[in-house]
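Asker: For the record, the sequence lines run as chains P and L.
Quick note: the first sequence uses the working numbering, first residue 1, plus one each step.
Quick note: the second sequence uses the working numbering, first residue 210, plus one each step.
No lab work stands behind these hints: they were computed from the structure.
All C-beta atoms, glycine included, are put in the ideal place defined by N, C-alpha and C.
Certain hints may be false.
A few chain L residues facing chain P, derived, Cβ under 10 Å [claimed, not checked]: (1) Ile217; (2) Ser220; (3) Glu228; (4) Met230; (5) Ala242; (6) Arg338; (7) Arg342; (8) Glu345; (9) Leu381; (10) Ser395; (11) Leu398; (12) Lys403; (13) Ala409; (14) Ala410.
Which stretches of chain P does chain L cover? Using the computed rule of at least three CB atoms under 8 Å from a CB of chain L, they are [stated by the list, open to error]: (15) 33-44; (16) 160-173.
Straight line, CA to CA, 25 Å or less: simulated SDA-like cross-link-like pairs of lysine to any residue [stated by the list, open to error]: (17) P/Lys29 with L/Lys403; (18) L/Lys403 with P/Asp197; (19) L/Lys403 with L/Arg278; (20) P/Lys194 with L/Leu392; (21) P/Lys29 with L/Arg278.
If you want the building blocks of each chain, they are given just below.
Number of protein chains: 2
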Amino acid sequence: MSKVFVNIGLSLDGYMAPEGMTMEDFEYKNWGAKWSALMAWLINQQSFRENLKFGPGGETGPVNDLVRRTMERIGANIMGKRMFDQGERAWPEEAPFHTPVYVLTHEKREPWVRPGGTTFHFVNDGPERALERARESAGSRDIRIAGGADVIQQYLNLGVVDEVEIALAPVLFGGGRRLFEILRESGPLFRIDKVLDGPAATHLRYVRQ
Amino acid sequence: MSKVFVNIGLSLDGYMAPEGMTMEDFEYKNWGAKWSALMAWLINQQSFRENLKFGPGGETGPVNDLVRRTMERIGANIMGKRMFDQGERAWPEEAPFHTPVYVLTHEKREPWVRPGGTTFHFVNDGPERALERARESAGSRDIRIAGGADVIQQYLNLGVVDEVEIALAPVLFGGGRRLFEILRESGPLFRIDKVLDGPAATHLRYVRQ
Chain P
1 MSKVFVNIGL SLDGYMAPEG MTMEDFEYKN WGAKWSALMA WLINQQSFRE NLKFGPGGET
61 GPVNDLVRRT MERIGANIMG KRMFDQGERA WPEEAPFHTP VYVLTHEKRE PWVRPGGTTF
121 HFVNDGPERA LERARESAGS RDIRIAGGAD VIQQYLNLGV VDEVEIALAP VLFGGGRRLF
181 EILRESGPLF RIDKVLDGPA ATHLRYVRQ
Chain L
210 MSKVFVNIGL SLDGYMAPEG MTMEDFEYKN WGAKWSALMA WLINQQSFRE NLKFGPGGET
270 GPVNDLVRRT MERIGANIMG KRMFDQGERA WPEEAPFHTP VYVLTHEKRE PWVRPGGTTF
330 HFVNDGPERA LERARESAGS RDIRIAGGAD VIQQYLNLGV VDEVEIALAP VLFGGGRRLF
390 EILRESGPLF RIDKVLDGPA ATHLRYVRQ
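Bound conformation, chain P alone:
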């Protein structure tokens, strides 16, 4: 069966996004610099650049292989409405998912088909139903809970997350949206599966035990 996984960048102090993050003002609370430090490990990887059509070139090596394998395993994505709203303004026309994307929202809206294989489906009947639909469309590939933090927390609290992959970057946000909060379960739920030591982030992979 498909695995359900989370794959995110995290600041050393546990935030997925810095405080004050708004597309309108990169200087606000210094969020642009913090975000850049969080993403520094990724931004120049060949497979990431290729996916966003940044042009040829970019780093190859174990971190790039990790990024490529992650992209290749995804059969469906699930995300929250706030992440979608930010992305709707920021993604290129060919949105960088190339799979069905299930957006958790109260808004009713027809599926939005993008060139390159991404179709956004707007799901009004909750995270469990979104996961069912994602499973149906993913086939033998895996399902990524893309974010934001609140959506990941909902799926952690449903107990359905098989794997958590974290790129832990050496930046302190000092505030923002934390990944691990309001958890229903606690204890040694996960085990360390793999660690890849990159210069700009430490890639931690945990598997539910």
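Start from chain P and add chain L according to the hints.
Answerer: Structure of chain L alone, referenced to chain P:
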């Protein structure tokens, strides 16, 4: 000059200590099981066992070498009053520091000399003065900010912490005392220096840049 460093165990969700941690009741909020999961990487290392006189044996290898090197580099410790109070009840007569220990407190108390080289000094005039005294006694060795979380935060906020070493354990506490909170500075203050991948914790070493 001596380095000032932090070396702690941290839960995957960023806590140094679980909620409800009290020596009187290990079952309370399941804190005993969480704490055991946090410390699992350390408890059977040879040099840790030796230091606490748990008897011969224990694991050797890179994690044990890390523990030994850490102990050997410390010329003075600094800790908060709550950590001292818990330790006063829990440490063996030969307290496991073997250095001067500066305890931040409002309480006035004569130095408390323990067999084995540990002397607790009670400092009433703030963290900066405690650090000065620790520097005087540490000589060429280093100064460990031992904890708890609030004391580490005070020194992070003074901007004097040169190195942060974290043993990140795959356990979710779901609540408790977070390490990184109430930070005065934020941004890419640290860089990754070393990562050691152990089975029960990932040993992350950050150096101030």
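Asker: Hint by hint, say whether it matches the structure.
Answerer: Hints, one by one, checked against the model:
| no. | hint | result |
| --- | --- | --- |
| 1 | Ile217 | 13 Å, violated |
| 2 | Ser220 | 9 Å, holds |
| 3 | Glu228 | 9 Å, holds |
| 4 | Met230 | 13 Å, violated |
| 5 | Ala242 | 6 Å, holds |
| 6 | Arg338 | 26 Å, violated |
| 7 | Arg342 | 28 Å, violated |
| 8 | Glu345 | 30 Å, violated |
| 9 | Leu381 | 5 Å, holds |
| 10 | Ser395 | 3 Å, holds |
| 11 | Leu398 | 6 Å, holds |
| 12 | Lys403 | 8 Å, holds |
| 13 | Ala409 | 8 Å, holds |
| 14 | Ala410 | 8 Å, holds |
| 15 | 33-44 | holds (count 3) |
| 16 | 160-173 | holds (count 5) |
| 17 | P/Lys29 with L/Lys403 | 30 Å, violated |
| 18 | L/Lys403 with P/Asp197 | 8 Å, holds |
| 19 | L/Lys403 with L/Arg278 | 14 Å, holds |
| 20 | P/Lys194 with L/Leu392 | 30 Å, violated |
| 21 | P/Lys29 with L/Arg278 | 39 Å, violated |
Violated hints for the displayed structure, listed by number in ascending order: 1, 4, 6, 7, 8, 17, 20 and 21.
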